[in-house]
Amino acid sequence: MSGTASLLAGETAQVSPAAGAAQVWRRLRSRRAALAGAIVLAALVVIALSAPLLAAIEGQDPTTYHDTLVNSASGGVPIGSFGGVSAEHWLGVEPGTGRDVFARLVYGARISLLVAVGSTAVQVLIGVGVGLAAGLGNRFLDQLLSSTTDVMLALPSLVFAIALMAVVPSGFPRPVLLMLVIGLLGWGGTARVVRAQTLTLKELDYVAAARLGGSSRWRIARRELLPSIAAPVITYAALLLPTNVVSEAGLSFLGVGVKPPTSSWGQMLSSATTWFRADPAYVLLPALMLFVTTLAFTVVGDAVRTALDPRAASRTKVGTRGAVS
Amino acid sequence: MSRSPRTSRRLAAAAVTVALAGGAVACGPNSGDAGAGATPHRGGTLTILNQDPQDKFDPAREYTSGGGNVPSLVFRTLTTRARANGTAGTKVVPDLATDTGTPSKDATVWTYHLKDGLKFEDGSPITSADIKYGIERSFAPELSGGPPYFHDWLAGAQNYQGPYKDPKGLDSIETPDAKTIVFHLNKPEGDFPYLATATQFAPVPKAKDTGVKYAEHPISSGPYEVVKNENDGAHLVLKRNPYWSPKTDDQRKAYPDTIDVQSGLDPAVINQRLSTGSGADAAAVTTDTNLGPSELAQIGGDKQLAARVGTGHFGYTNYLAFNTKVKPFDNPKVRQAIAYAVNRTSVVNAAGGSSLADPATTFLPNQATFGYTPYDPFPAGATGDPAKAKELLKEAGYPGGLTITLTHSSSNADQYGPDIATAVQDGLKAAGITVKLNSVQESGYRQTIHSVSTEPGFFLAGWGADWPSGGPFLAPIFDGRQIVTDGSNFNSAQLNDPSVNDQIDAINKITDHAAAARQWGALDQKIGQQALVVPLFHPVYKRLYGKDIRNVVISDWTGVLDVSQVAVK
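Those protein sequence lines, which keep their order, are chains L and W. Going left to right, the first sequence walks through residues 1 to 325 as UniProt numbering numbers them. Going left to right, the second sequence walks through residues 1 to 569 as UniProt numbering numbers them.
Any given hint could be a false lead.
[Claimed, not checked] Examples of chain L residues lying across from chain W (beta carbon under 8 Å, computed): (1) A21; (2) A22; (3) Q23; (4) S72; (5) G255; (6) K259.
[As the list claims (entries may be wrong)] Simulated restraints, written as ranges between beta carbons of each label pair: (7) L:Q143 / W:K228: 56 to 62 Å; (8) L:T148 / W:D52: 42 to 48 Å; (9) L:L155 / W:A88: 55 to 61 Å; (10) L:V46 / W:I483: 55 to 61 Å; (11) W:S443 / L:L155: 20 to 26 Å.
Simulated from the structure, these hints should not be mistaken for laboratory data. Just so it is clear, CB atoms sit at the ideal spot from N, CA and C, and this is done for glycine as well.
Make the full structure from the sequences, and use the hints.
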């Protein structure tokens, strides 16, 4: 995360918003990997949104137990091959409970995407706010906010997240809590990028002109700076998304994520770890979903970064595709 | 019984540890190639692979059932559990004493005589004064950890602070001569011979007592003595005690020459090492690690491995507890509706399947020694009877269904966790009962459910007795005088029924175990009608042992592969 931050902090995105959008879209579309990633992401969003419908088409739901589909005498392993795959249960059933794996996976997509998008939004909002304030504020405010940002970046966020998830009363809606916890612990990088951009931009003539013209700081931030820092922020957010997917899965894996019986991929993976020999299908499916999701997010995010970066774009033309790191 | 959260945790922990020590006799000593057809061989080294260290290895500080497994190799006690398979192993038999004790008419005075020729590891004779001293030092605050019964049962012992502060000792333990010891209790306790299996009844020579340091090298009265004790029991090596004689001990077989106890291992590692069995692991067992459901599923297909799995039963019941002070659980009809609606098949599957759990309809475990009387006051079949439950809810005034909260632990460790809770939730759904789940952090779970002030209305609980008898199973849970308002309370339903209390007192006077068991069974059935708890299942323990292990004995007392019986090839 911080590696990307320093990388982006060094760049000065000069893409003017008006001319940029069409050009960026063209660049994105021309990259096959990005297109494939975007299609996969779109499919995942459709799956997540239509989870109840998909489960209904299959004729199952994610929480109903099926006692007769598992072999109780041998630890509750699903009866049948590939984890009990059948016409009724397309991807088999969960060991021990007999709950439908397909339904749990598609419902799990909701949690994964919702929390990833939600926590990214929280991170961006706080990051942009803090970054702008630090860049535009007086020395004292800058020092205070920059130090806070440093502290946030240095925090062992996983440990903190586990602690936070554990102390909040169990009545609080868990997906919202996950968004807040991941969001509140992960805005440091965005804030740094935005502050660096702001410091550079505010010395430029057009900003000075606005200042001399009597614009307030708020107005300068809103009208002059925000449009210019949008590109690096979008890039950064695109790269935060897969990280947040993994964070949610990690917390659920550790048992502090969403509460049962709500399904989540991380939770499925966690209960599957002991089953990897006896019922490999049960491990592979949530792992595959997580892998595909993070890969798609990363590919698209990388493409967005390249598309928004004019230097990378020029390199693309001569065929050395964005090997910046 | 237990009066503080600390002891309660230990009690439960002890029960679970013993429970986890499930064991080995799917194929009994005489079955199959991996069994032990031939005469067991003397000598060799037995390795024990465990998760938990054998810490506080001091007879005053151990909390064991029947004297424990490894502790019983070093500490002999007045009585001990019979080292036999299954039901025969639930009997109490003499150890240092010549019999299991002579009670006075009302079971308040118990007299024991020691066998001849008993010696410590240094050759000095074991006397009744050493046993008295061993019990007295367990009262010392610095040697805490033992069971609470000594304070509660021995006359005038409530405030005794141990021999270091009060060298005069306890008047309620008399030693008229070197071979006789007499205990005076403050109430009738027919189960006293069972308590006398605890390590606190092991002799401790006063001259060799080093206080808290005694744990490093306790003076052995059993077949083995401590050679090495690293990091408070993290690694323990035992070798033969030359002064122990099988002539005075018909229970411990002591085949191996050396016993090497290793701990701090991950359960998956223990089971993997036992199944691979390379090097010293071939002659290894575990006394605290079960096979999990997935490991069982994996072993299922491997005949050679399956032959090395032992099955053990320990008296334990997992149940749904109600706090009858909380609405709507004050209404018997609501409790009965829940009892009818529970799907025990789902719950058993969540607990690891039918090989690892027996469905339960009685509070007493399904063994004769507890007084098990089969009954089912709310017969709902294997998967629940939602129609009957709905009917009862209607009568209770909830025709449109009901929403309740089930409190559970955040960890599945003792089967108090989300796995069982969601299985219960799904079963009640069919009866129109919506269950919300309230997860409590594992570390604080027991304290939450066992404090009157924080006790939830409906929660997952479990109970195991310190010895195989109905008394320690029923009394803490249903005796109204054991409702503790400022400490650990196990009477979750807060039942205070004089007729139940009187019956508990009456049965405690009975010294004939079988007669008492019948009465406990009848009492269990009587209480069961009130639906104060919904029994879910009795756990069953599956234990893997190394391929060179012979003479596997597992009693229903501990459910544990008894390390005093095993031989190595």
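Looking at the structure, which of the earlier hints fail to hold?
Violated: hints 1, 2 and 3.
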